[in-house]
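Trainee: What follows is the residue order along each chain.
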Amino acid sequence: MHLLLSDCPVNLITVSSINKNQIWNDSMESIKVSVSPAIFSTWFSQTHLSNLSKKEGRYIAKIGCSSSFVKSTIEGRYFGLIQDSLKKILDTECDLIFIVKEHPKKEGVTKTNAPAPLFEQEERLQEEIGVSLSKARIRPGFTFENYAVSSSNQMAWAAAEAVSKNPGTSYNPLFLWGGVGVGKTHLMNAVGHYLIGERVDDKILFCTGEEFTNEIVEGIRKKTTVDFRNKYRKLKTLIIDDIQFIAGKDAVQEEFFHTFNALVAEGGQVILASDRPPHEISKLEERLRSRFEAGLIVDISPPDFELRCAIVQIKTKERGIEIPMDLVQLIAGNINSARKMEGFLIRLSSEAKLKNTEITEELIQSLLGKGIESNDKKIKATPNEVITAVSRYFSLGKRALLGTSRARPVSLPRQILMYLLRTQLNLPLQEVGRLVGGRDHTTVMHAVEKITHLASRDVQTRQDILGIKNSL
Amino acid sequence: MKLQVLQENLSKALVTASRFTSARAQLPVLGNILISGKKAKLLVSATNLETSVSISVGAQIDKEGEITVPARVITDIVSNLPSGSINLSSINEQVKISAQNFESSVSGMNAADFPTIPQSVGKESIILERESFLTALSQVSFAASVDETRPILTGILFIYKKGKLILVATDGFRLSQKEISMKTIQKKQSVILPKTALSELSRLSSEEEKIGFSLRKSDNQVVFGLGGTILASRILEGEFPDFERIIPKDSKIKISLDKEELLRAVKLASVFARDSANVINFTVRKDTVELSAESQSSGSQETKVDAKVVGSIDKKGFKIAFNYRFLEDFLGVVKEDEIQIELSATNAPGIFRDPKDPDYLHLIMPVKIQS
Chain A
1 MHLLLSDCPV NLITVSSINK NQIWNDSMES IKVSVSPAIF STWFSQTHLS
51 NLSKKEGRYI AKIGCSSSFV KSTIEGRYFG LIQDSLKKIL DTECDLIFIV
101 KEHPKKEGVT KTNAPAPLFE QEERLQEEIG VSLSKARIRP GFTFENYAVS
151 SSNQMAWAAA EAVSKNPGTS YNPLFLWGGV GVGKTHLMNA VGHYLIGERV
201 DDKILFCTGE EFTNEIVEGI RKKTTVDFRN KYRKLKTLII DDIQFIAGKD
251 AVQEEFFHTF NALVAEGGQV ILASDRPPHE ISKLEERLRS RFEAGLIVDI
301 SPPDFELRCA IVQIKTKERG IEIPMDLVQL IAGNINSARK MEGFLIRLSS
351 EAKLKNTEIT EELIQSLLGK GIESNDKKIK ATPNEVITAV SRYFSLGKRA
401 LLGTSRARPV SLPRQILMYL LRTQLNLPLQ EVGRLVGGRD HTTVMHAVEK
451 ITHLASRDVQ TRQDILGIKN SL
Chain B
1001 MKLQVLQENL SKALVTASRF TSARAQLPVL GNILISGKKA KLLVSATNLE
1051 TSVSISVGAQ IDKEGEITVP ARVITDIVSN LPSGSINLSS INEQVKISAQ
1101 NFESSVSGMN AADFPTIPQS VGKESIILER ESFLTALSQV SFAASVDETR
1151 PILTGILFIY KKGKLILVAT DGFRLSQKEI SMKTIQKKQS VILPKTALSE
1201 LSRLSSEEEK IGFSLRKSDN QVVFGLGGTI LASRILEGEF PDFERIIPKD
1251 SKIKISLDKE ELLRAVKLAS VFARDSANVI NFTVRKDTVE LSAESQSSGS
1301 QETKVDAKVV GSIDKKGFKI AFNYRFLEDF LGVVKEDEIQ IELSATNAPG
1351 IFRDPKDPDY LHLIMPVKIQ S
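Chains as they are written, first to last, in my numbering: chain A, 1 to 472; chain B, 1001 to 1371.
None of these hints come from the bench; they were simulated from the model. These numbers come from a predicted model, not from an experiment. Please note: incorrect hints may appear among the correct ones.
[Unchecked claim] Keeping only pairs whose Cα atoms sit at most 30 Å apart, straight-line, the calculated DSSO-like set for lysine-lysine is:
#1 1161(B) <-> 236(A)
#2 101(A) <-> 1164(B)
#3 55(A) <-> 88(A)
#4 1286(B) <-> 165(A)
#5 203(A) <-> 1254(B)
#6 1039(B) <-> 1210(B)
#7 1187(B) <-> 1161(B)
#8 55(A) <-> 1217(B)
#9 234(A) <-> 1217(B)
#10 203(A) <-> 1188(B)
#11 398(A) <-> 380(A)
#12 222(A) <-> 236(A)
#13 165(A) <-> 1187(B)
#14 1315(B) <-> 165(A)
#15 231(A) <-> 1210(B)
#16 283(A) <-> 315(A)
#17 1217(B) <-> 62(A)
#18 1039(B) <-> 1002(B)
#19 1039(B) <-> 62(A)
#20 101(A) <-> 1188(B)
Chain A with its partners taken away, still in its complex shape (with noise of 0.2 Å):
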């Protein structure tokens, strides 16, 4: 079969933009020849080629002009001259289309960087903010917009806006405590962020108990402990991370004392975080415990499903994937703290990329089955007791969990169980069928796709399976 001429599927070819600027140069040279130089440099050298392009064996030459008086005496006078020059070099029939327009690349070279402080202050206002943030050691993506809020976290977000907005006032000390990535560390940053963003010079600091403690004992050996003083003491706001790594050491707790009461007085605010409660903090010196327990105590738990949709909503937002709110929900049922999700929205991401494929419910499915929990609490029980544990909470008896009914209260405890064997355990599918009463490993295949669904719409499920992790 012959492919005729007219079925190629371009027929508007533009020029590149080298090849462009050679066309003109060439035919500017020709012209120069048949003009007097005054001419050439007051009307050709003030005119470039905005476009070319070809249509239907014709060659489009768009002329960009400098200003309408030159467009007007080129179009007028030296028209046939262009369009016989350009013909010769392209050797193709050409048109003329005159427009005003300045020489892209003049206005290239004329974007020097004169000064220009009254545009520049909002620049340097963010310059001064990052090198504040970075002195007051403050991690800079740390803020209240990209702090989620639900009832899990609700009151310790709203002591620490109170807390921002009069510093030193309404809650001294603030203490947070709650378990491992439920947010205390973004919230202290967040008011550390805060108040660099209201008064940039601020004295700010954020530290950890471990670094106070590192930084006394550095003191003590080096003899600057006054050095230590004039850093601590005379700060407007000190957040400390992890508190409770004082307790038990004596000099330390006594220089943070002294430290606490300086600020006090001088109407600064201390921000306090730690994994549990200063009653519960054993070996903490009882003034100390009295002076946190006189300022305001919230605890942050877990977050809840509803708040995990959300910070897996804020995190790809970050990362600028997309996910429709079905697959947010998938992950955010199957995942519980916040960190893990930054870490399986790394991998999915960096998933996605390699294979070069788009974020599909078939991939979160096949990443959530891998065990990502591996690094992480792995629940360190045998087979058989993740089966006692099953049958318990669903007091079901072991056979028939195993046995072979397919009706639905066994059937789903059965499915939950092979989830867990799955996930938790690392098992290979046909281990897993083997001890589910020798099923085929597509059964278990189906369950763990079941299960790894379910938890991601329904609470109750997410309750079950949370329940018996609990109880293993």
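Assemble chain B onto chain A, guided by the hints.
Mentor: For chain B alone, kept in the frame of chain A given last:
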């Protein structure tokens, strides 16, 4: 071409037109003035390819025609002639000028080489009140930059917004903004015009009360019409800096001052400030503003100006420093006796206002004080 025209009219038109010729034009015709007689009018036109002017002068035309003549020669001849009627006639590329007891022949050039110049404002023009427009221009244009490395800042931004024409100019250190209410403006549009063309516009003397103004985006050109005088200018291409972003929304301290007193204090301080980077230090206290300047070579001074200060100020006073030239420029355009300064931080721009003219706003970026 053959015509009679009055010396005073022609001389005035030639003087104006010669300002628009390019002095060092490579193309000789651009150093020329185009004289054309058509119907009952004599048109005197000139251009430097950035701006152009075309002035119509009443004349008695015996024979239509046109020719270009060197600007310097014809202007100098006509302005030195006694007032009264002058005869102009062209033969080939020569112009014959004759008046009482005078006869001259000037060699010119063919008018066909002269660029086409807009001769009318066009239909879709906006009518500006001459006086308010020129006042606004004078309040704004001094803030435009003279530095050619940032061509966009040498222009004045015109924004048409619902019922308003807003003029803005800035050189990166200060900014002027003036709003003129214009009922006829509906469509939102903005255009940047070269300051030089606008200052020529304000120099064009005319008895006309109105200025016609039209925008030709396709030609990248604007045209102003004052009676028989048509001025055209190219539009500056590029993006004007986002000025709305930098205008402070609120301020911590508001100061009202007597303009004359402040101007005197600024002038006094400038004696020493001249040697030290033009910096004048301001210290705002409860009811005074202290202006001080010092120079390492010649000495120092301090002036107190009574002021009404609204806002909280601690014992040390609020300190800020400005370039005195910017203050002088601003004080130069304020007509009223009182001015208002709004400040919020040592490194944030100060807002300068004329309390009687709420549509006018001037911003000055302070000089950074080494603390």
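Trainee: Would you mind marking each hint as holding or not holding in the structure?
Mentor: Going down the list of hints, with the structure as the test:
no. : hint                : in the structure
1   : 1161(B) <-> 236(A)  : 47 Å, violated
2   : 101(A) <-> 1164(B)  : 28 Å, holds
3   : 55(A) <-> 88(A)     : 18 Å, holds
4   : 1286(B) <-> 165(A)  : 28 Å, holds
5   : 203(A) <-> 1254(B)  : 29 Å, holds
6   : 1039(B) <-> 1210(B) : 25 Å, holds
7   : 1187(B) <-> 1161(B) : 7 Å, holds
8   : 55(A) <-> 1217(B)   : 27 Å, holds
9   : 234(A) <-> 1217(B)  : 61 Å, violated
10  : 203(A) <-> 1188(B)  : 47 Å, violated
11  : 398(A) <-> 380(A)   : 21 Å, holds
12  : 222(A) <-> 236(A)   : 26 Å, holds
13  : 165(A) <-> 1187(B)  : 43 Å, violated
14  : 1315(B) <-> 165(A)  : 25 Å, holds
15  : 231(A) <-> 1210(B)  : 69 Å, violated
16  : 283(A) <-> 315(A)   : 38 Å, violated
17  : 1217(B) <-> 62(A)   : 17 Å, holds
18  : 1039(B) <-> 1002(B) : 12 Å, holds
19  : 1039(B) <-> 62(A)   : 38 Å, violated
20  : 101(A) <-> 1188(B)  : 22 Å, holds
When each numbered hint is compared with the structure, violations occur for hints 1, 9, 10, 13, 15, 16 and 19.
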